[in-house]
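Colleague: First to last, the sequence lines map onto chains A and B.
For the first sequence, the residue numbers in our numbering are 479 to 806.
For the second sequence, the residue numbers in our numbering are -19 to 212.
Please note: incorrect hints may appear among the correct ones.
[Said to hold, decoys possible] So these bits of chain B aren't anywhere near chain A, every CB distance computed over 12 Å:
| no. | residue |
| --- | --- |
| 1 | Leu(-5) |
| 2 | Phe30 |
| 3 | Arg35 |
| 4 | Arg40 |
| 5 | Ile41 |
| 6 | Met50 |
| 7 | Leu52 |
| 8 | Phe60 |
| 9 | Trp66 |
| 10 | Ala101 |
[As the list claims (entries may be wrong)] Some chain B residues judged to face chain A by a derived CB distance under 10 Å, without partners named:
| no. | residue |
| --- | --- |
| 11 | Leu(-17) |
| 12 | Arg39 |
| 13 | Ile43 |
| 14 | Gly69 |
| 15 | Tyr78 |
| 16 | Gly159 |
| 17 | Asn160 |
| 18 | Ile161 |
| 19 | Glu162 |
| 20 | Thr176 |
| 21 | Ser177 |
| 22 | Arg178 |
| 23 | Asn180 |
[To be verified] Label-pair distances were calculated between CB atoms; the ranges are:
| no. | chain 1 | residue 1 | chain 2 | residue 2 | range |
| --- | --- | --- | --- | --- | --- |
| 24 | A | Glu552 | B | Val63 | 15 to 25 Å |
| 25 | B | Leu200 | A | Glu552 | 36 to 46 Å |
| 26 | A | Asp773 | B | Val73 | 28 to 38 Å |
| 27 | A | Glu552 | B | Leu115 | 53 to 63 Å |
| 28 | B | Val63 | A | Lys614 | 18 to 28 Å |
| 29 | A | Asp640 | B | Asn68 | 42 to 52 Å |
| 30 | B | His75 | A | Pro572 | 16 to 26 Å |
| 31 | A | Pro774 | B | His75 | 29 to 39 Å |
| 32 | B | Glu1 | A | Glu597 | 30 to 40 Å |
| 33 | A | Ala797 | B | Val73 | 31 to 41 Å |
| 34 | A | Glu552 | B | Gln(-11) | 34 to 44 Å |
| 35 | B | Gly(-3) | A | Glu710 | 27 to 37 Å |
Please keep in mind that the hints were generated in silico from the structure rather than gathered at the bench.
The beta carbon of each residue, even a glycine, is placed where N, CA and C say it ideally should be.
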Amino acid sequence: MAERPPKNLWREEVEAMLTRHLACTMRRTLLPAALGLFLVALLSGCAASPAATATSAPAATPTAAAAAQPANPEVILATTTSTQDSGLLSVLIPLFEQKTGYKVKTIAVGSGQAMTMGERGEADVLLVHAPDSEKKFMAAGHGTERLLVMHNDFVIVGPKDDPAKIKGLKTAKEALTAIANTKSIFITRDDNSGTNQLELKLWKATGIDPKGQAWYQSTGQGMGATLNVAAEKNAYTISDRATYLANQKNVSNLEILLEGDKSLLNIYHVIPVNPAKSDKINAAGGKAFAQFMVDPETQKVIADFGKDKFGQPLFFADAGKTDEEVGG
Amino acid sequence: MDLIWEGLQQAFWLLVGRDPEVIAVAQLSLMVSTSAVLLSLLLGIPTGVFLALARFPGRRIIISLVNTGMGLPPVVVGLFVTVMLWRNGPLGVLHIMYTPAAMVIAQCIIASPIVAGLTIAAIQQLNPKLRLQILALGASRWQMVLLLLREARLPLLAAVMAGFGGVISEIGASMMVGGNIEHQTRVLTTATVMETSRGNFGLAIALSVLLMILVYAVNLALTLIQQRSRPY
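One chain only, chain A, in its complex shape:
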């Protein structure tokens, strides 16, 4: 052991050494690392801002229609995944924003979750397709009005060799009964979405309880993912036509085996959330969006959507009709 240095003599030198040491650390390691990170943040920040202004520009441009800026421009739309996944909302939302000056936050979830968000006052307007739940929602006073927007239909898809022999059957009820009787694999979304609710209603009509059966398998996922699972397992499932058409090239071993049954109608309603639920609800914005959806101009856009890509429309515009006229 070396002798302990007399503290008063060495102290200054030690401190000087430590300071040099620290300065060195700062300069050589911490600074470049921090600088690098900040630079990345800065660069992305700078580069992102022009993009952000570019996207907000159309809404902000004081055109005649958008001149009256709404007091609360933020509208939260809770909707189903099918409207987003089909690409319809990417067309409609910019139109609405441009016309009215509102800024829409689209939250695409299942119809079940969308309605729960409405109930809790976490959304201003809903675009959903689960008629039975919607009626309950309205009866409980959660919405101000419920307007018919459009419909398309569900189809039962399955493997080409069709082990349950449902091709040629007339109704969804007969088809599901045949699937159950032959114990062919059926994939259910099981996520309380509009599609799932319709599927459960159809099973109820057959009098069969598929829950817990080995051939009745649950994904708990959205329509696109569920179609892919069905394709991998060579199984049957129920899909809305729009999502099936969008995914057709990836699920080429599945084909539409049953369509056109009245019980397979898929009807979309728009529901502004009742502002009495919470003072934070943007009632004016919700109402404006609902009115936009049933506006004749918007309805024409809806009716034409998908024709160029799939050769057939994905949705049928129905504003002004009653549920009975559509067949629901």
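With chain A fixed as given, assemble chain B onto it according to the hints.
Modeller: Just chain B now, with coordinates in the frame of chain A:
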């Protein structure tokens, strides 16, 4: 196989053509995750140093909690932050639900335990005599902490990389608190999930490739800093 090839080609053209939408999505990913990691460094490093050096009852329990937090599931964080930030929730007045700020908060909560946990390990793997020696040389407490951090800089940079890798690849929380809103909160991971469910596998693969290039670029930069004194 042809899908992967198609995806790679699409990724190439997206990058070469600088598709403005995709670039904006990538920038948002980078910005949100970088901010979250910087914030988590501010929180995680001091916490880690404190837990590594201080001696008090319950310290080991807290460290075990931090270590558990390193595996915090993003969806759990997402759900918790969502319920807090909803406009009728306890922090609803902040009005930041479905904004990048909300995503930064969620990602910061995910990254902070990772940074803190690795900081504890980094400080504690130093020779304990070093601390005595530094103090014996007359250093103040702060000087001692800074010197220890300097000694532990290599594992600390690894902590930064682990934190960044954890949050930029995270999806559950970003989806829930951000909402995957076009032009606002859509990041690479949520866009990938959406394109997959739309059946656009090529585009989804292109986005994944972009994400991995981004993560690699950031890690390469950090690794170069970390390994500077060992060029080969």
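Colleague: Next step is simple, just say for each hint if it's right about the structure.
Modeller: Hints, verified against the model:
| no. | hint | result |
| --- | --- | --- |
| 1 | Leu(-5) | holds (14 Å) |
| 2 | Phe30 | holds (19 Å) |
| 3 | Arg35 | holds (24 Å) |
| 4 | Arg40 | holds (29 Å) |
| 5 | Ile41 | holds (31 Å) |
| 6 | Met50 | holds (21 Å) |
| 7 | Leu52 | holds (22 Å) |
| 8 | Phe60 | holds (15 Å) |
| 9 | Trp66 | violated (5 Å) |
| 10 | Ala101 | holds (18 Å) |
| 11 | Leu(-17) | holds (8 Å) |
| 12 | Arg39 | violated (27 Å) |
| 13 | Ile43 | violated (25 Å) |
| 14 | Gly69 | holds (9 Å) |
| 15 | Tyr78 | holds (5 Å) |
| 16 | Gly159 | holds (5 Å) |
| 17 | Asn160 | holds (7 Å) |
| 18 | Ile161 | holds (5 Å) |
| 19 | Glu162 | holds (7 Å) |
| 20 | Thr176 | holds (7 Å) |
| 21 | Ser177 | holds (3 Å) |
| 22 | Arg178 | holds (5 Å) |
| 23 | Asn180 | holds (8 Å) |
| 24 | Glu552(A) <-> Val63(B): 15 to 25 Å | holds (20 Å) |
| 25 | Leu200(B) <-> Glu552(A): 36 to 46 Å | holds (39 Å) |
| 26 | Asp773(A) <-> Val73(B): 28 to 38 Å | holds (35 Å) |
| 27 | Glu552(A) <-> Leu115(B): 53 to 63 Å | holds (56 Å) |
| 28 | Val63(B) <-> Lys614(A): 18 to 28 Å | holds (24 Å) |
| 29 | Asp640(A) <-> Asn68(B): 42 to 52 Å | holds (49 Å) |
| 30 | His75(B) <-> Pro572(A): 16 to 26 Å | holds (24 Å) |
| 31 | Pro774(A) <-> His75(B): 29 to 39 Å | holds (35 Å) |
| 32 | Glu1(B) <-> Glu597(A): 30 to 40 Å | holds (34 Å) |
| 33 | Ala797(A) <-> Val73(B): 31 to 41 Å | holds (38 Å) |
| 34 | Glu552(A) <-> Gln(-11)(B): 34 to 44 Å | holds (39 Å) |
| 35 | Gly(-3)(B) <-> Glu710(A): 27 to 37 Å | holds (33 Å) |
The structure does not agree with the numbered hints 9, 12, 13 stated previously, though it agrees with the rest.
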